[in-house]
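For the protein sequence lines, the chains are A and B, in the order given. The numbering of the first sequence is my numbering, which starts it at 1 and goes up by one. The numbering of the second sequence is my numbering, which starts it at 1 and goes up by one.
FYI, nobody ran anything at the bench for these hints, they're computed from the structure. Be aware that a few hints might be false.
Unchecked claim - Pair ranges (Cβ atoms, derived):
{"no.": "1", "chain 1": "A", "residue 1": "PRO15", "chain 2": "B", "residue 2": "ARG156", "range": "43 to 51 angstroms"}
{"no.": "2", "chain 1": "B", "residue 1": "GLY10", "chain 2": "A", "residue 2": "ALA121", "range": "40 to 48 angstroms"}
{"no.": "3", "chain 1": "B", "residue 1": "ARG36", "chain 2": "A", "residue 2": "ARG93", "range": "26 to 34 angstroms"}
{"no.": "4", "chain 1": "A", "residue 1": "ALA121", "chain 2": "B", "residue 2": "GLU84", "range": "55 to 63 angstroms"}
As the list claims (entries may be wrong) - Stretch by stretch, here's where chain A covers chain B in the computed footprint (C-beta under 8 angstroms, at least three residues):
{"no.": "5", "stretch": "74-81"}
{"no.": "6", "stretch": "85-96"}
{"no.": "7", "stretch": "132-138"}
Positions of the beta carbon are idealized from the N, C-alpha and C atoms, including for glycine.
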Amino acid sequence: MSPVMNTLVFEDFKPGRLGSFGPRRVTREEILAFAAEFDPQPMHLDEEAASRSMLKGLSGSVWHLCSIIMRMMCDGFIGRTASLGSPGVNELRWLAPLRPGDELMLDVDVAEARVSRSRPATGIVTFRAVVNNAAGQALCEMVSPIIVRRRDEAAAEQAG
Amino acid sequence: MRFFEDIEVGQRRELGSFTFAAEGIKKFAAQFDPQRFHLDEEEGRKSLFGGLAASGWHVGSACMKLLVADGQRLAREAAARGEEIAIWGPSPGFRELRWIRPVLAGDTISFATEVLSLRSSSSRPEWGILEARNTGTNQRGELVFSVLATAFVPRRNSKS
Numbered sequence: 001m002s003p004v005m006n007t008l009v010f011e012d013f014k015p016g017r018l019g020s021f022g023p024r025r026v027t028r029e030e031i032l033a034f035a036a037e038f039d040p041q042p043m044h045l046d047e048e049a050a051s052r053s054m055l056k057g058l059s060g061s062v063w064h065l066c067s068i069i070m071r072m073m074c075d076g077f078i079g080r081t082a083s084l085g086s087p088g089v090n091e092l093r094w095l096a097p098l099r100p101g102d103e104l105m106l107d108v109d110v111a112e113a114r115v116s117r118s119r120p121a122t123g124i125v126t127f128r129a130v131v132n133n134a135a136g137q138a139l140c141e142m143v144s145p146i147i148v149r150r151r152d153e154a155a156a157e158q159a160g
Numbered sequence: 001m002r003f004f005e006d007i008e009v010g011q012r013r014e015l016g017s018f019t020f021a022a023e024g025i026k027k028f029a030a031q032f033d034p035q036r037f038h039l040d041e042e043e044g045r046k047s048l049f050g051g052l053a054a055s056g057w058h059v060g061s062a063c064m065k066l067l068v069a070d071g072q073r074l075a076r077e078a079a080a081r082g083e084e085i086a087i088w089g090p091s092p093g094f095r096e097l098r099w100i101r102p103v104l105a106g107d108t109i110s111f112a113t114e115v116l117s118l119r120s121s122s123s124r125p126e127w128g129i130l131e132a133r134n135t136g137t138n139q140r141g142e143l144v145f146s147v148l149a150t151a152f153v154p155r156r157n158s159k160s
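Bound conformation, chain B alone:
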C-alpha cells in the first residue's frame, strides 16, 4: 500500500476482475439479500433485471476484495524494494453508490479505482483522507457499478 504523500489526484489502478457464477450469487443472497431475483433464475428473468442478478452488496464486496488484493500486491512490491509498508486505516463511509446495470450470472466485472481528492485530517494529523471513485465494468464494456469511497491513508513520516 502507498503512503498519503505518494498518491496524486487522478491516479488510476486497474484492480482485476471477478466472475459472478450463479452458485456464488445464490449463496451470497441466501445469507444477506434473500430477494427472489437474487435466488432463482426464473424469478430473475421475470424481474426488472432480466436474469439471475447478484445482490448489489455482493458486487460492492467483490470490489472490496480486489481493492484489498491490489493493496497487498503493492505492499509486497514495496517490501521487495526494502521500503516501509503503509497500512491503510478504516473508511469513514461512502456516497453516491450506484448499481447502474444488473450484474447477471456469468458476468465478469473488471474493477478500477481512481483518486478524486486528497486532504489532511484535522482530527488525526498522522492520517490523510483520500476519496476515490471505484467502478465496475462488465465484459461488454458497460459501467455497472460506481461508488465514491473515502479512506484514511497514513502519512509517511508520522509515527505519532
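Bound conformation, chain A alone:
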C-alpha cells in the first residue's frame, strides 16, 4: 500500500470549506432498483401509492440517498485520501425527498479535525455534508467522521 504523491492525509484537512462535488443525476430506474433490493416500501416503488404518501410522489429510499452521498464523497475526495474507514455518523437529517431526475450537488465542510487518542498515527476528520438538488433545496445534511492516516505515518510507509 504505497500512497501516491497527492494522497490527502490528516494534515491536509483544516476546519472550513472543503469543496462542492457533482453534479450527480439520479434516474428513476436506479431509485426503483435500490428500493426493490433494500427498501421496498410503496412510496419508493409505486407511483400511485407514492402520490398518496406524505411525500406526495415517487421518492428515493433515504438509504439510497446516503449511499449516493458516500459515492459522491468517494469521487470527490475520499478516493484520494488515506482513509481508514469511518466509525459512524453523528447525525443525519432528511430535509426533502429525493426525486427521479434530481441533479445533486454535495457541499462539504470540515467541521473538526483532531488526532486520535487511541491511534496517534491517525486523525479523525469530521465532515458536514449537505446535498442539494438543482433548485438549491437541501435534501439531506450529514455530520460524519472518518479516520485518516497522519502525514508522518504515510511518509514512514512510503520510505519503508
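We have chain A; now place chain B onto it with these hints.
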C-alpha cells in the same frame, strides 16, 4: 405495520438475519463506496478491518431491508385478522449511527429493533414520532451496528 397507539416504549422485535457474501459486498461497494478495503480481499486484510469488509451503508441498507420485511409481515398478519393496516411514513433522520465492528465477508448479522421513545408530532397531528434503536449482531454475538432512527407512525383514528 402497527399504529402509534399499539406501540409501547421498550417493545423489541427480532428482524431476522442477512449474510454478507463477498460478491454482494463488492457489488455494493463498486456502486456506492469504492474504497479498496470494500473491494478486494487482500486490501481488506491489510486494512484496520482485517478482511474484506462491507460498506457501512450496505449494513444500514440491509437493516432497512429487514425492517421493511418485518413491517410487511405485520401488515399481512393484521390483514388476515381483518384489521386496518397502518402505513408508516418517511423518516426525518437518525443519529448516533455506529459501525462498531467490521462486517466481513461471510458474516451473518441478526438485526433487531427496540422502541426508545414515542411522542406526538406538533406539526402533523395525524402522525406520531417514534424513535427506535436498531442494532446488528454478528454470528459470534458481537454488536456490530447501532443507530437511533426516527419515523413517522400513523395514529389509529386520524384520517385527516
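Results for each hint:
no. : hint                                    : verdict
1   : A/PRO15 to B/ARG156: 43 to 51 angstroms : holds, 48 angstroms
2   : B/GLY10 to A/ALA121: 40 to 48 angstroms : holds, 42 angstroms
3   : B/ARG36 to A/ARG93: 26 to 34 angstroms  : holds, 30 angstroms
4   : A/ALA121 to B/GLU84: 55 to 63 angstroms : holds, 58 angstroms
5   : 74-81                                   : violated (count 0)
6   : 85-96                                   : holds (count 10)
7   : 132-138                                 : violated (count 0)
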